[in-house]
Amino acid sequence: MSCNILIVDDSSLLRKAVRRVAEMAGVPAERLREAANGREALDVVESEWIDLVLLDINMPVMDGEQFVRELRRRPDVAQTPIIVVSTESNAERLQRLKDMGVTEFLRKPFQPEDLCRLISKLLGVKP
Amino acid sequence: MNTISNERLAELAAAVLDRTAFISAEAVEDAAPVPLDRVARIAYTGPHHGHVTLHTTHGFLAVLAANLLGVDQDDANAGAYVDDALGELANMIGGSVLADLGGESCAFAIGLPELMSTGTPTPEGAAGVCCLDCEGHPLVVAWRPAPAAANAA
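Going down the list, the sequences are from chains H and D. Here the numbering used here runs 644 ahead of the position in the first sequence, where the first position is 1. Here the numbering used here runs 35 ahead of the position in the second sequence, where the first position is 1.
In case anyone wonders, no lab produced these hints; they're calculated from the structure. Treat the hints loosely; a few may be bogus.
[To be verified] Taking lysine to any residue pairs in the SDA-like style, the calculated list, with each CA pair at most 20 angstroms apart, reads:
1) H:Lys-660 / D:Asn-112
2) H:Lys-660 / D:Asp-109
3) H:Lys-660 / D:Gly-114
4) H:Lys-765 / D:Cys-169
5) H:Lys-742 / D:Ile-58
6) H:Lys-660 / D:Arg-54
7) H:Lys-660 / D:Ile-58
8) H:Lys-660 / D:Ala-142
9) H:Lys-660 / H:Pro-672
10) H:Lys-742 / D:Ala-142
11) H:Lys-660 / D:Asn-102
12) H:Lys-660 / H:Ala-673
13) H:Lys-660 / D:Asp-110
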């Protein structure tokens, strides 16, 4: 599979755990990128093409909501699919993310197969 | 104010461990008599504010990190992630508590996990406390809504 996935989470442990699930979904390790906050994630999307973002919300420096807002302002990458993977349960915030076109939501704690299924669905591949 | 019983707190914490790391946890009367020297807290705001605190051991966090990474529990790599494991566990248990408190129209906002200096778990001020046996490792979870006066401030 030649899709690039960007994993955005301030926990390096969670980035590694999500990376493992993405590899289970058939994404080669060399296609996986990581960022520890929204600011780092914007740097990545500005430097290379990203097919899917797996995004935490509650992060220091720039949180996930700010990242989505910034991403949607950039015409060349505004349509990038996003799966929010977060503990976020605030109804207003989740609605704002939906309004900004977040594709899917996965509440932490999640089961690996649930994330694997969503990645496969959005990238059109079978694990 | 909505509330969470000790039993419900234990259910939520056990569900997090099961779903995330395939760790089986059951509620017990008291934590094992070992120093619970790893502590994390996550605060929240909203209709009321407060925080959820976790007390556990380095050994349990190493097991949790290994399971999240999908490596053997004695893998040296897992030891490098114990702080991250504690923060993420606080994040997920705190998030589950807020989802339970807030329901479909949840108006709570969760903060970022803080790793605390060593402290002994005390039930003072806690509206909910549970002790869990996590496959032989202890975990204490306490939910502390701020006093009404502090919430009104």
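Keeping to a limit of 20 angstroms between CA atoms, is the pair of H:Lys-660 and D:Asn-112 held or broken? 11 angstroms, holds
Taken at face value, is the distance from the CA of D:Gly-114 to the CA of H:Lys-660 at most 20 angstroms? 14 angstroms, holds
Holds or violated: H:Lys-660 with H:Ala-673, Cα cutoff 20 angstroms? 11 angstroms, holds
Between the alpha carbons of H:Lys-742 and D:Ala-142, is the straight-line distance 20 angstroms or under? Distance ~16 angstroms between H:Lys-742 and D:Ala-142 Cα, so the pair holds.
20 angstroms Cα cutoff - pair H:Lys-660, D:Ala-142: 31 angstroms, violated
Is it true that the CA of H:Lys-660 sits at most 20 angstroms from the CA of D:Asn-102? 11 angstroms, holds
20 angstroms limit on alpha-carbon distance, applied to hinted pair H:Lys-660 and D:Asp-109: Within the cut-off at roughly 17 angstroms; holds.
Can the restraint linking H:Lys-660 and H:Pro-672 be considered satisfied, given a maximum Cα separation of 20 angstroms? Measuring from Cα to Cα gives roughly 14 angstroms; hence the hint holds.
With a cut-off of 20 angstroms on the C-alpha distance, tell me whether H:Lys-742 and D:Ile-58 pass. The hint is violated at about 33 angstroms.
Are the Cα positions of H:Lys-660 and D:Arg-54 separated by 20 angstroms at most? Roughly 17 angstroms separates the two Cα atoms, so the pair holds.
Does H:Lys-765 pair with D:Cys-169 here, judged by a C-alpha cut-off of 20 angstroms? Between H:Lys-765 and D:Cys-169 the Cα gap is close to 34 angstroms, so the pair fails against 20 angstroms, i.e. violated.
Against the 20 angstroms threshold, does the CA-CA distance of H:Lys-660 and D:Asp-110 hold or violate the hint? Given pair H:Lys-660, D:Asp-110 holds - Cα atoms ~15 angstroms apart, limit 20 angstroms.
Going through the hint list in order, the structure does not satisfy hints 4, 5, 8.
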